[in-house]
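Heads up: the protein sequence lines correspond to chains A, B, C and D, in order.
Note that the first sequence covers residues 1 to 216 in full-length UniProt numbering.
Note that the second sequence covers residues 1 to 216 in full-length UniProt numbering.
Note that the third sequence covers residues 1 to 216 in full-length UniProt numbering.
Note that the fourth sequence covers residues 1 to 216 in full-length UniProt numbering.
Please keep in mind that the hints were generated in silico from the structure rather than gathered at the bench.
Each residue gets a CB set at the ideal place from its N, CA and C atoms; glycine is no exception.
Heads up, some of the hints might be wrong.
Output of the computed footprint for chain C on chain D, the stretches with three or more beta carbons under 8 Å from beta carbons of chain C [to be verified]:
id : segment
1  : 3 to 11
2  : 18 to 31
3  : 77 to 90
4  : 128 to 136
5  : 147 to 156
6  : 176 to 188
Straight line, CA to CA, 30 Å or less: simulated DSS-like cross-link-like pairs of lysine-lysine [unchecked claim]:
id : chain 1 : residue 1 : chain 2 : residue 2
7  : B       : K75       : D       : K63
8  : A       : K75       : B       : K15
9  : D       : K75       : B       : K52
10 : D       : K15       : C       : K75
11 : D       : K63       : D       : K15
12 : A       : K52       : C       : K63
13 : A       : K75       : A       : K15
14 : A       : K15       : B       : K75
15 : A       : K75       : C       : K52
16 : C       : K63       : C       : K75
17 : A       : K75       : C       : K63
18 : A       : K63       : C       : K63
19 : B       : K15       : B       : K75
20 : C       : K75       : A       : K52
21 : D       : K75       : D       : K15
22 : D       : K52       : B       : K52
23 : D       : K75       : B       : K63
24 : D       : K15       : B       : K52
Each chain, written out:
4 protein chains.
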Amino acid sequence: MALEVTDWTPSGDLKPVGGVVLVVVDIQGGGLNSPVENDANLMPGRAERNPKAVDLVNSFREKRVPVIFIQEVHKPSLVDIGRELDGSEGPHCIEGEQRTRLHPGLEPRPEEYLIQKRRYSAFFGTELDLLLRGYQARTVILIGGMTDVCIHYTAVDAHQLDYHFRTVTDLVVGSGEELHEAALRAMKYLQRDSLVTSQSVYEWLETVPAVEEVPA
Amino acid sequence: MALEVTDWTPSGDLKPVGGVVLVVVDIQGGGLNSPVENDANLMPGRAERNPKAVDLVNSFREKRVPVIFIQEVHKPSLVDIGRELDGSEGPHCIEGEQRTRLHPGLEPRPEEYLIQKRRYSAFFGTELDLLLRGYQARTVILIGGMTDVCIHYTAVDAHQLDYHFRTVTDLVVGSGEELHEAALRAMKYLQRDSLVTSQSVYEWLETVPAVEEVPA
Amino acid sequence: MALEVTDWTPSGDLKPVGGVVLVVVDIQGGGLNSPVENDANLMPGRAERNPKAVDLVNSFREKRVPVIFIQEVHKPSLVDIGRELDGSEGPHCIEGEQRTRLHPGLEPRPEEYLIQKRRYSAFFGTELDLLLRGYQARTVILIGGMTDVCIHYTAVDAHQLDYHFRTVTDLVVGSGEELHEAALRAMKYLQRDSLVTSQSVYEWLETVPAVEEVPA
Amino acid sequence: MALEVTDWTPSGDLKPVGGVVLVVVDIQGGGLNSPVENDANLMPGRAERNPKAVDLVNSFREKRVPVIFIQEVHKPSLVDIGRELDGSEGPHCIEGEQRTRLHPGLEPRPEEYLIQKRRYSAFFGTELDLLLRGYQARTVILIGGMTDVCIHYTAVDAHQLDYHFRTVTDLVVGSGEELHEAALRAMKYLQRDSLVTSQSVYEWLETVPAVEEVPA
């Protein structure tokens, strides 16, 4: 029984099970360079990831595979902040600030769902599980951030709720390199097929039949 | 904003907030040397931790501070195993096997609660939150294992449910050294006061008034 | 042990415990006469209740006692409708329709929370519990509808989550007279102090100290 | 739109959807005449229902259709009683008392699940949803009591979690005749096919193929 995960190279094969939903977690910033004010210590990678995330979302839309958007938001009063100021983060994702807005191009369309959440896991105090059941999804694909916080804890809840999850390792960014890598290892510990490349997602999308336009 | 946690030395000061409950997570094995069959790759430390855990539990009992015991159990049919075979772990914690039993000395007394769980977080599909509210607890102290799985994910849910959590770093054991340390860092990321020594817990217990025996 | 509730006269005394939050459940219709298209069989009372609900909400705002607004909404695709078409109701609360909008005067202010829900209980798949904890509420006051569906099942969850609940009997309307009354009896079965008049709420509000205006 | 349910005659056709699980809710009493001490005001029917419930459970076992047993239990300390003393019920289902035990013949076999719950809904703070997913159930059949409390609120949660539920009207007993009937109407409001006779369950069971004995 070799429990410890020592190789966390992503797989080139998505291997989804049942229905698929793409979950875009907390890609915010409203087009500003950074979602936080003083980002000197943030793990880099957002500027490269964000346009790639837009491309992936648009590819899902073309094939009519559902996308759900997650946005962390707190009222300026911080009534809903819980214990989120007891750790490394200061006040963040304040409603009304530009940097709290979704990244341009990642705003939901009328038929798509936006879930505004108050905690790290996208399942906590939200309708995410209910919507995934509505879509008859069994596999959730995760992109966004941060790898070691909202992505990791969303993956844990997906796992505990019996979903297969796939984290796109080149489309997630962590709070720092080490915790980013540790979170990937922890996710692979949970599901050995969970780490994938965006390339593998595109290859799977190509196998999804095109949607025929139905005249209205 | 320095998000990344680079120092995870435990604190010598428990600093509990409000009511306290000790949660003993998955200290199983039934007295066997190991809770799993082939443990060559397991992070060592259980043999040293277990008697210390018994001592701590007894000290809580003396001061009438509540203790809740958590035990992971799965039916031999594995109906309840969910996705737990999709990762690093094989079938584990099978009902009826000796190694699934609680460690001797850690069996709940009649007035104490035992929560048998099917997933990693002790809050998932259980009455833990309800019991903590019943005890009017605001701080949960975590001991047991594994640091990077059941302890970490129980801490995350405690955090999201607005509890203060304290992980006793010398009384938790992980799946491996690296993920053990990464999980401690992740917990400190959530709550900067969350890592403590068993020494600090004992020092706090000394400040709890002795319970006077009431004649029946 | 006389279990059955035979008298469900509301109390003239609110008797709140701890912090109070007013929860306005599904007062929708967007100013139309009715929230449903064909309302011949609906229990009457909405036209009288709605302006009274606006007055009560404004009185809470004056005293800075928090108000949370609940709105049932479903996408036109009905992905999120669950089993809600298996019973008496047809498609309802469709996003984008005028009758799905909140009643005029009951739209949340920027500092107030709006919870859009997909099921009957306002706690199911929502952040309501989390927000009530944030407000340090122990008592929830319920107005809106329908008595025997969303009000009843929200009250049940509040009860099970250890809140004291108060249903304002002259500000709730049911699907029909008999089920309206049966639901009031069921709520009184759960908490004997749970049925109150709007008069009792106003009398309590008078005891809440006025908020002094703080210069900005 | 005729919302109100005026006819609650049970159906003679079970019409299950997908996998089926029988959920036996709170049939307790340990063989005593009554599960409560002073039962003068209790709706009668338990003495007739209980042996019929045993027969039905045994018929499910013969066809290997899963049965899950629910038992309400509270510690003598009442730490876990929540708000359940604020209404019509006094202290009830105390651990260790004979009347808290399951009715003879309704004790789970080793391969069957027993869920001990602290609140009225069998889903609240329990693993029921997780187990139903494990059994791949989409339809739950409810028997036991009380119709207007634990049965009703379990049905509501089943409904909100997208299960089809069937309440066997001749195998449930309420707190009183009127609330028993009102709860049946409320359940039919939720799912128009939800009220069935035990006869219809037996007729469906006959269509389930016999299990061939596999030599060990």
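Hints, verified against the model:
1. A stretch counts as covered by a chain when three or more of its residues have a beta carbon under 8 Å from one of that chain; for the segment 3 to 11 of chain D and chain C the count is 3, and the coverage holds.
2. With 0 residues having a Cβ less than 8 Å from any Cβ of chain C, the segment 18 to 31 of chain D misses the three-residue criterion, and the hint is violated.
3. Counting residues of the segment 77 to 90 of chain D whose beta-carbon sits less than 8 Å from any beta-carbon of chain C gives 7, enough to reach three: the coverage restraint holds.
4. Look at the segment 128 to 136 of chain D against chain C: 0 of its residues bring a Cβ nearer than 8 Å to a Cβ of that chain, fewer than three, so the hint is violated.
5. With 5 residues having a Cβ less than 8 Å from any Cβ of chain C, the segment 147 to 156 of chain D passes the three-residue criterion, so the hint holds.
6. Given a C-beta distance limit of less than 8 Å, the hint that chain C covers the segment 176 to 188 of chain D holds, as 8 residues qualify and 3 suffice.
7. A hinted pair counts as satisfied when its Cα atoms are at most 30 Å apart, and K75(B) with K63(D) qualifies at roughly 20 Å.
8. Among the hinted pairs, K75(A) with K15(B) is consistent with the structure: their alpha-carbon atoms are about 29 Å apart, no more than 30 Å.
9. This hinted pair checks out: K75(D) and K52(B) have alpha carbons roughly 28 Å apart, not beyond 30 Å.
10. The straight-line distance between the Cα atoms of K15(D) and K75(C) is roughly 29 Å, inside the 30 Å bound, and the hint therefore holds.
11. Proposed proximity of K63(D) and K15(D) is supported: the alpha carbons are some 17 Å apart, at most 30 Å.
12. Distance check on the hinted pair: K52(A) and K63(C) sit about 49 Å apart at the alpha-carbon level, beyond 30 Å; violated.
13. For the given pair, K75(A) sits about 40 Å from K15(A) by alpha-carbon distance, which is inconsistent with the 30 Å threshold.
14. Taking the CA atoms of K15(A) and K75(B), the gap is near 29 Å; set against the 30 Å cutoff, the hint holds.
15. For a cut-off of 30 Å, the pair hint linking K75(A) to K52(C) stands: about 28 Å separates their Cα positions.
16. A C-alpha spacing of about 36 Å is found between K63(C) and K75(C), which places the hinted pair above 30 Å, so the restraint is violated.
17. The suggested pairing of K75(A) with K63(C) holds, with an alpha-carbon distance near 20 Å, which does not exceed 30 Å.
18. Annotation: proposed proximity of K63(A) to K63(C) is violated, straight-line Cα distance about 52 Å (limit 30 Å).
19. Simply put, K15(B) and K75(B) have alpha-carbon atoms about 40 Å apart, too far for the 30 Å limit, and the pair is violated.
20. A distance of roughly 28 Å separates the Cα atoms of K75(C) and K52(A); the hinted pair therefore holds under the 30 Å criterion.
21. Restraint check: the Cα-Cα separation between K75(D) and K15(D) comes to about 40 Å, which exceeds 30 Å; the hinted pair is violated.
22. Simply put, K52(D) and K52(B) have alpha-carbon atoms about 52 Å apart, too far for the 30 Å limit, and the pair is violated.
23. Straight-line distance between C-alpha atoms of K75(D) and K63(B) comes to about 20 Å, which keeps the hinted pair within the 30 Å bound.
24. Our distance criterion of 30 Å between C-alpha atoms is broken by K15(D) and K52(B), whose separation comes to about 56 Å.
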